[in-house]
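**Student:** Sequence:
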Amino acid sequence: MALDHATDPFPGWDGSLAGARTLQAQLAAQVNLDDGFVTPLRTLAGFDVGFEDQGAVTRAAVVLLDARTLQPLESHVARVPTAMPYVPGLLSFRELPALLGALAMLSHAPDLAVIDGQGIAHPRRLGIAAHFGVATGLPSLGVGKSVLVGRCEEPGPERGDRSPLLHRGEQIGWALRSKPRCNPLIVSPGHRVSLDTAAELVMRWLAGYRLPEPTRLADRLASRRDQPR
DNA sequence: GCGACAG
DNA sequence: ATCTTGTCGC
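Numbering (the numbering used here), first residue to last: 5 to 233.
Simulated from the structure, these hints should not be mistaken for laboratory data. Being a predicted model, the structure only gives us computed values, none of them experimental. Every residue, glycine too, gets a C-beta built ideally from N, C-alpha and C. It cannot be assumed that every hint is accurate.
[To be verified] Dumping the calculated EDC-like pairs for lysine to aspartate or glutamate here, alpha-carbon to alpha-carbon at most 20 Å: (1) Lys-149 - Glu-162; (2) Lys-149 - Glu-204; (3) Lys-149 - Glu-78; (4) Lys-149 - Asp-165.
[Stated by the list, open to error] Pairwise CB distance ranges, derived in the manner of DEER restraints: (5) Ala-211 - Glu-157: 24 to 30 Å; (6) Cys-186 - Gln-75: 20 to 26 Å; (7) Trp-17 - Pro-184: 39 to 45 Å; (8) Arg-208 - Asn-187: 19 to 25 Å; (9) Val-91 - Arg-172: 20 to 26 Å; (10) Glu-162 - Ala-87: 26 to 32 Å; (11) Thr-73 - Ser-198: 22 to 28 Å; (12) Arg-46 - Asn-187: 16 to 22 Å; (13) Asn-187 - Ser-227: 14 to 20 Å; (14) Gly-141 - Pro-85: 34 to 40 Å; (15) Thr-11 - Ala-87: 16 to 22 Å; (16) Ser-227 - Arg-72: 35 to 41 Å; (17) Pro-92 - Arg-228: 22 to 28 Å; (18) Val-91 - Tyr-213: 17 to 23 Å.
Can you build the whole structure from these sequences, using the hints too?
**Tutor:** Dropping the structure here:
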C-alpha cells in the first residue's frame, strides 16, 4: 500500500512530552465516532508491536485478513529504531511510526484496522488506535488487555457479556468477555467506528481465543523471539 | 501530596 | 513490552 496520502502522524510536534499531550488534544478533535467503513467489510488488518535488542528496535507486525472467512491473506513485519521510551498516555508516540511502516508494506489498504491498545479510552481520547485512524484516515478500533483510564463493572461470565467503561461521566469503551474464565478485553472505537459497533465487530471476529483473530495473528508475529529473517 | 498508569 | 519453565485450574 503506497502511502500516497501519508500524513505526518505528529504534525508540528516539538518533541516534548507536554507538546505531545497538547497535540493529542488537538488530534482528538478530528476523531469521528460515526460508523464510516464499507459494508460488508472485505478486509481487516490486525496490528501489534514487539521489541528486539532490549528495546533498541521496535518491530510492528501486520496481518491482512479476509473479513468474511477471517483467513490471513498476507503479513509483514516492519523494524524501526526505537525513538521514545514508554510513557503512560503517550504510547502512540513510541509505537505509531513502526505501525505506519507495517501498513505501508501491505499490497492494499484494509477496510478497517484493529490495533492492540486503546482507541478513545484514553485520558485525552486519543489512544494509539484513534491516533492511527486520524493519521491514516482509515476506520480503526482498539483492543486492549487492560485499562488505561476509566472504571467499569466486572462483566458477566458468559462469552459476549460486557459492561461500559466510564471516564469523566462518559462512556469511552467496553469491558468485553470474549471468552469464559478469561479477563475481559477493553474495546474502544478508534476512528470512523461507533461505540456499539466496536464491541459488535470484535465479537464477530472471535474464533475460540481471548483475542479476536486480527490481533491474535498479529501478536503471534510481533512477539516471536526468533527468525528475524 | 499520594497512587495509578495501554504496551 | 521484556526477562523465563513448569505448574495449577477448568
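**Student:** Would you mind marking each hint as holding or not holding in the structure?
**Tutor:** Hint check:
no.	hint	result
1	Lys-149 - Glu-162	18 Å, holds
2	Lys-149 - Glu-204	17 Å, holds
3	Lys-149 - Glu-78	25 Å, violated
4	Lys-149 - Asp-165	16 Å, holds
5	Ala-211 - Glu-157: 24 to 30 Å	27 Å, holds
6	Cys-186 - Gln-75: 20 to 26 Å	24 Å, holds
7	Trp-17 - Pro-184: 39 to 45 Å	43 Å, holds
8	Arg-208 - Asn-187: 19 to 25 Å	20 Å, holds
9	Val-91 - Arg-172: 20 to 26 Å	21 Å, holds
10	Glu-162 - Ala-87: 26 to 32 Å	43 Å, violated
11	Thr-73 - Ser-198: 22 to 28 Å	25 Å, holds
12	Arg-46 - Asn-187: 16 to 22 Å	31 Å, violated
13	Asn-187 - Ser-227: 14 to 20 Å	18 Å, holds
14	Gly-141 - Pro-85: 34 to 40 Å	26 Å, violated
15	Thr-11 - Ala-87: 16 to 22 Å	18 Å, holds
16	Ser-227 - Arg-72: 35 to 41 Å	27 Å, violated
17	Pro-92 - Arg-228: 22 to 28 Å	26 Å, holds
18	Val-91 - Tyr-213: 17 to 23 Å	30 Å, violated
Comparing the model with each numbered hint stated earlier shows that hints 3, 10, 12, 14, 16, 18 do not hold.
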